[in-house]
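Q: Chain by chain, the residues:
2 protein chains.
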Amino acid sequence: MADTDDAILSAPVAAVASNLGVEYVISFRFGGSDREKAEAQFEKLIRALDNVGLRTEVRDGANGNALVFVRVRSEQKLIGEVYRSRVKDWLHGVRAAAPDKETQRSLAGEPLTEAERLRIVWQLITLPESEGGAGITPKQGDWKLIESVFPLHDHEFNKAWMKKWSTTWTVSPEELEKLRDRFGEKVAFYFAFLQSYLSFLIAAAAIGASAFFLLPAYSLAFAVTNCLWSVVFVEHWKRQEVDLAVRWGVRNVSSLQNRRAQFVHEKEVEDPVTCEVVKFFPAWKRLARQSLQVPFALGASAILSALYASVFAVEIFLSEVYNGPFKSVLVFLPATILSTLVPVFTSILTKIAKMLTDFENYENESSYDAAMIQKVFVFNFICSYVPLFLTAFIYVPFGNYIVPHLDILGLVTPSESTLDSDSSHIFEAPAVFQVNPDRLKKQVIYFTVTAQVVSLALETLVPFLKRKIFRKAKEYQNARHGVVPSDGLTDDPAERAFLTRVRNEAELGLYDVETDLREMCVQFGYLTLFSPVWPLAAVSFLINNWIELRSDAAKICVEMRRPVPHRADSIGPWLNNLGFLSWMGSISSAALIYLFSDSAAGMPHSLTLWGILTAILFSEHIYFATTYAVRMAMGKLESPGLLQERRERFLVRRRFLEESLGVDEKTEPDQKVTIGKEGEFWGKQHGAKGAMDAGKRIIGATYEKKEQ
Amino acid sequence: MADTDDAILSAPVAAVASNLGVEYVISFRFGGSDREKAEAQFEKLIRALDNVGLRTEVRDGANGNALVFVRVRSEQKLIGEVYRSRVKDWLHGVRAAAPDKETQRSLAGEPLTEAERLRIVWQLITLPESEGGAGITPKQGDWKLIESVFPLHDHEFNKAWMKKWSTTWTVSPEELEKLRDRFGEKVAFYFAFLQSYLSFLIAAAAIGASAFFLLPAYSLAFAVTNCLWSVVFVEHWKRQEVDLAVRWGVRNVSSLQNRRAQFVHEKEVEDPVTCEVVKFFPAWKRLARQSLQVPFALGASAILSALYASVFAVEIFLSEVYNGPFKSVLVFLPATILSTLVPVFTSILTKIAKMLTDFENYENESSYDAAMIQKVFVFNFICSYVPLFLTAFIYVPFGNYIVPHLDILGLVTPSESTLDSDSSHIFEAPAVFQVNPDRLKKQVIYFTVTAQVVSLALETLVPFLKRKIFRKAKEYQNARHGVVPSDGLTDDPAERAFLTRVRNEAELGLYDVETDLREMCVQFGYLTLFSPVWPLAAVSFLINNWIELRSDAAKICVEMRRPVPHRADSIGPWLNNLGFLSWMGSISSAALIYLFSDSAAGMPHSLTLWGILTAILFSEHIYFATTYAVRMAMGKLESPGLLQERRERFLVRRRFLEESLGVDEKTEPDQKVTIGKEGEFWGKQHGAKGAMDAGKRIIGATYEKKEQ
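From first to last, the protein sequence lines are chains A and B. Letter by letter, the first sequence follows residues 176 to 883 in this note's numbering. Letter by letter, the second sequence follows residues 176 to 883 in this note's numbering.
Isolated chain A (complex conformation) (with noise of 0.2 Å):
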C-alpha cells in the first residue's frame, strides 16, 4: 500500500492524464458584466491563447462562468518554451550548466517536472505580449473578467502525500522534492522551512521543558540558552535556505523575475548588458521614494502602539481597579474595541501601504512583494507583540505607580469607601492596587497556546465560511445581471463528474504562502521574545506545528486551488525578519530576566534604570559576537548544497577544459635570447652544468683568497 503511495508521489507526469491533460483552467466570469462585453472579452481571450499556442476546450461553469481549458498545442510547442527557459536560466546564472543543445536529449537528461511544466504554460498565459505570452492578467486592465487562472488538483497525488505525511513524524528531504516538482519551489521552501524548524523546536521544547521543571523562574541559563538557540536556527535555516536553492537549481532566481505590468518606466533605455532597450526607472528615484517607508513605519507605530496602550489601560481600570456597576458586562469592553478597531486601523494601514509600495514602482513581482511584506510586519509586529511588552515592561513595573491614576473619570470612590460599611461594597476600589502578577504569565500562555489553538481552527473553518459566501454573493451579482445559472444539465454525462470537480476548484480560494510564513514568524518572535515568562512555549509551538504542517498540506489540497507553481530561491523577506526577532529577543530576554529574576512570584524587585541598560547593552553584544562566530563556524563547514555547485561549475569547465586543452610548450632552449648587451649577459655560461660551475667558482674563490 505504502508502496503504492510512493509510486504516486514520484510519478510526475500521471498527474496530469487524470485532468484529461488540462493544464490550466480559466474561469472567465460574464456573470457581472453585460452580455456584449462579455462575448468581445471572450473572443479576445481565445485569440490571445490561441496566438501564443495553446488549444481551448469551453464548458459551462455555471453560476455564470465559463471554464475555458487551456493545454500547449503540440509537444514540441512545449519543448521549445522548455529549452528557451533553460537557456535564459543559464544566460542568468541560475544553471551552471547550459542545457543540451539537443532539446530532446536535453529532456531526457534532465526530466521536465510537472511544476516545471505548469510555471512554463503559466508564463505563456500571462507573459506581456512583448515578452512572448498571451498577456492574461486576472482581474486587470482588459482581462477584468478573467476571475482566475488555475491548474487543476492531482487527487491521486493529494491523497498519497496527505496520507504518507499524517503517517510519519519527519517529512525527508525527498517528500520535499517530490513536493517541489508539483508545487514549485515557493511552496516548498514553506514545507522546507516549517520542517527544519520544527526540528529545531525539538531541542527547544527540551530546554524549555527542563527549565521549566528544573530551574528557577525567569532563570538566566534559560534565557541564554533560548537565545543562542535562536542565533543557531536562524544562522542554519540561512545556509539551509541557499543549499535547498542550489540542489533544486534556482539558486538567484529571484534575479529572474517577471516584470510587472504596473510598472511604470520613466524613458527607454539601451540595457549596458543585453543591449536590448528595456523601460527604465532611476534608481536613486525609487530610493528616495523608499525613504518614505521610515516616517511610515513609525506612524503606523505610534499608532497601533498608541491604541493598544489605551485599551490596556481600560482593561486594566476595568478588570482590577474598577468595581462599579456592569462590571461583568463591562470587562469585555476591551475586548470589543481592540477586535473591531484594529482590523480598521490595519486595513487602513495596510492600504496606505500598498500605495506606498505602488508609489515605489518595483520593476518585477517579487520585489513588489517583499517590499510589502515587509510594510505590513511592522503590523504584525505591533499587534502580535506590543500587548505583552506593556504588561512585561509597564504594567508590572509601573502598574502601581500607573494604575490608581488610571480613574480618571473619578468613577471609583475612593479607597476611604473601605472604612464605610460591609454593605457599600459596589462602589468599593481595592484598599491597595497591586499588580496582578500572573497577568504577564497568563497572556503568554494565551498568546502561545489559546491563540495559536484558534488560528488552527480558523484557518480550516475561514476558506469554508468565504466559499459560502462568496457563492451566495455570486448569485445576487448573477440575478442583478439576468444570468441564470446552469445547473449542469447540459453537461455531457461522460464530463459531468469531471466538471463538477473543475466547477467546485474553481471556487476554492487562493492559497497564498506569505499568510503561512508569516504566521510562522511571528510564532517564532513569541519565543525568542517571552519564553523566559513561560519556557513550556517551546512545547506548545512543537506540538502545534507537527499539526500545522500537516494541517497546510491538506489546506492546499481540499481548501485552496491548486498553486501555480512559481518559483523562489529563498522564503524571501522573512529572514530577515526572523534576524531581527532574534536580535529583539536578545534585547527582550535580559529586560526580563533582570526585572523579574530574583522577584517571587513575578513581581520585579527594585530595579534602576541603569541596570536595565546595562544587561540590554550586554546582552545585545553578546548576541552580536555569538551571531559572528555561529556564522563563522558554519561558514567553515561545507555544505552539500554548495558542493554540489561548486562540482557543477567545475565540471562544465573542466568540460570545455578537455576540448581545448592540446596546448603545450614545445621546448627550444634558448631560444628567447637574441642579440646586443642582452644576449651578451646570458651568453656567458651554458645550460645548468655552466651555471654551476660558476657559482662553484664563486664560491670557491672567496674561500680561497682567506686561505691563501
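Derived from the structure by calculation, the hints contain no laboratory data. Hints should not be assumed to be uniformly reliable.
Identical chains blur together in the list; that is why a pair holds if it fits in one copy or across any two.
Straight-line C-alpha distance at most 20 Å; calculated SDA-like pairs for lysine to any residue [unchecked claim]:
hint	residue 1	residue 2
1	Lys-338	Glu-349
2	Lys-263	Glu-823
3	Lys-454	Leu-818
4	Lys-263	Glu-820
5	Lys-263	Arg-824
6	Lys-460	Lys-811
7	Lys-871	Asp-225
8	Lys-339	Gln-370
9	Lys-852	Ala-669
10	Lys-314	Asn-433
11	Lys-647	Ser-323
With the hints as your guide, set chain B onto chain A.
A: Chain B alone, transformed into the frame defined by chain A:
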C-alpha cells in the same frame, strides 16, 4: 616631457629589457655556511631551476653572496604557463570567459602584463614540485642559504612614476591600473585604498574644520556627521573593492591561493569537486583551534591594558601630584617604561599569536596572513587607543577621586605642608588635586599630528639604518666563516654598473603592504574614535596622507626590493577592522559627547551611569540603522565594475547561445491529443473558432434563459 613619462608608464614590457632580460634574482648567501654545504645546495638550486624550464646566469654578489639571475628559457614555455594559469583562473571562477583556445591569439587579445609575467615566473620558482614549480622556499627547509628571490626594479618606470605622482593632486584609476600592471594587485589595492581614503578625507577635513571654527567644542552635530562619514566611507570602500577586483580581473582570486608549504595534512582524501586526491585537514578541528583566539585576545588585551593603566597612573602621579626631588628626571620615567616594556610585551604576544596561527594550520598563505593580522590587530588596537581611552573615560571623569589615592608610597607630604612656609615647597602637594582638562586634547593632538609626522620620518629613516646594520652583521659573519668578500674587481667591465645596482637592490628590505595598511587603519580609528575631542584631526590626516601616498611610492622605489606582484581581490581583513572601528566610533563618540559636551574647558559635568549607557545604546542603534540604510542605498546603485562583470558573463553565455540556438518548434497543430477519454474531451471544439463559438453559446444560453 610628460608625454615621454606617460609613454614609459604605459609600456609594460620595455622594463625587463633594461634589466637585461632578468626576471628574478636569487641571492644565494653562502657566507654563513660551510663550503661543502654551500656548493651542494647551490648545485641543487641550479638543477631545480633548470628542471622547470628556467635559465640561469651566475655572478658574484660580493659580501659572500652569489647572485643567480633567472629567466624563462623559451617564450613558448612562458606562453604555455600563462595559458594554464588563465585556464585555472577560469576554472575557479576568477575569469568569466575562458581564454582563447589558440594561445598565441589569447595573448594577443589579452596582452601579458609585466606583473602577470613576473607572477608566473614566481610560481615556477616557488610552487611545490607537485604543482609544477621548483619548490624553492627562501630561508626555509632545504633552502636555508637562499636569502631572497626578487625581481629587479625598473628604474625608468619608477622615475616616471614618482615624477607623475609628485606633480598631480590625485591618483587616477588609470595610474592605479599602470601600477597594478607592474606591482600586482595587492600593492595596487593599497594605493587605491589610500587614494579613496584621501578623497574622503577632504570631506572629513572640511567638516572638521567647520566644526572647529563654528561649532562649540564636543558638538553633537559634528560627532553625528563624523560617524556618518565613517559609515559612508566604509560602505563605499566595500563596494569599490569589489568593483576594482572585477575591473582588474581578480574577483574571487583569494579562493585560489597557493598552498602553504607548512600546512600539515591529517589524511589524503579525494576532493569531492575535482576528484583529485588532496591533503585534508578537517574544518571542525581548525575551528576548535581557532576558538583559542578568544581567550588569547582577552588575555593579551588585559595584559597590555594593565600595563598602560599602571604606567598611566605613575605618569599622572609624577606629573600632576608629585612635587618631590628629581621630578624633572622622573617625569620621563613613564615614557621610558612604556617604550621598553611595550615592545617586549608585544613581541612576546606576537610570538604566541604566531604559534597559535601555526597551530590553526591554514592551507594557504592568504588565510594564514589574515588570521595573523587579526590577532596582531588586537595589540594595535590596545596600543593605539587605550592611552586615550584611559584619559577620556578614567582620568577626566574620575581623576579627582582616584588621583589623590595614587600616592600609595607616601612620597608626598600631606597638604598641611602648604601651611608651613614658602621655603619648604619642595615636598609640597597641590592643595587640592585638579584634573588637567587639556590633557585629553593634547594627547589627541599628539597622536594625530606629532606621532604621524614622526612615523612618516621613521618610515624613511629606519630601512636606511637597518641596511647599514645588516651590512655590518654580514661582514662579521663572513669573517667568521672565512669568506673574504670580493670587491667587484672580477666583474666584466661591461656588466659592472648593472651588477652594482643588483647588489644594492639585494640589500634592500622586503616591502610589506600590510604594515602600510595597518598604519592607515589605525589612523582611521583615531578619526572615528576621538575626533570629537579635536575636530582638526582630519585636516592633519589629509595633509599627512597626501605625503604618505607619495612617500610610500618612493619607499617602494628606493628603499625596498621590488615586491613580487602578488594578486589580491581586496585589502583583506582590514575591511572588517575598518567596520569595527567605525562601530566603536559610534560608541566612543556618544560617550565623549555625553561626558564633555556641556562642559567648559573639557571638564565633565555631573554624569550618571544610566545617562552614559543611554547615550551609547542610542548611538549604537542609530549607527546600526544608518549602516543598514547606507548599505541598502548603495546596493541599489549599480557599480561600473559589477556591470562589467555582468556584461562579461552575459556575453560569454550569449556567444554559446548563438552557436546553439537553431532549435524551434515546428507547428504541428493538435499533435498531442490522442485517443480515449482525453481525446474525446479535447475533440469537441475545433481550433480557436470552435472554442469561441462554444463560449458564446454558453454565455448566450444563460442570458437567453433569463429573457425567456
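Q: Would you mind marking each hint as holding or not holding in the structure?
A: Hints, one by one, checked against the model:
no.: 1; hint: Lys-338 x Glu-349; verdict: within (16 Å within a copy, 67 Å between copies)
no.: 2; hint: Lys-263 x Glu-823; verdict: both (18 Å within a copy, 16 Å between copies)
no.: 3; hint: Lys-454 x Leu-818; verdict: between (38 Å within a copy, 17 Å between copies)
no.: 4; hint: Lys-263 x Glu-820; verdict: both (18 Å within a copy, 18 Å between copies)
no.: 5; hint: Lys-263 x Arg-824; verdict: both (17 Å within a copy, 13 Å between copies)
no.: 6; hint: Lys-460 x Lys-811; verdict: between (39 Å within a copy, 11 Å between copies)
no.: 7; hint: Lys-871 x Asp-225; verdict: between (89 Å within a copy, 17 Å between copies)
no.: 8; hint: Lys-339 x Gln-370; verdict: within (15 Å within a copy, 63 Å between copies)
no.: 9; hint: Lys-852 x Ala-669; verdict: between (99 Å within a copy, 9 Å between copies)
no.: 10; hint: Lys-314 x Asn-433; verdict: within (18 Å within a copy, 60 Å between copies)
no.: 11; hint: Lys-647 x Ser-323; verdict: within (18 Å within a copy, 90 Å between copies)
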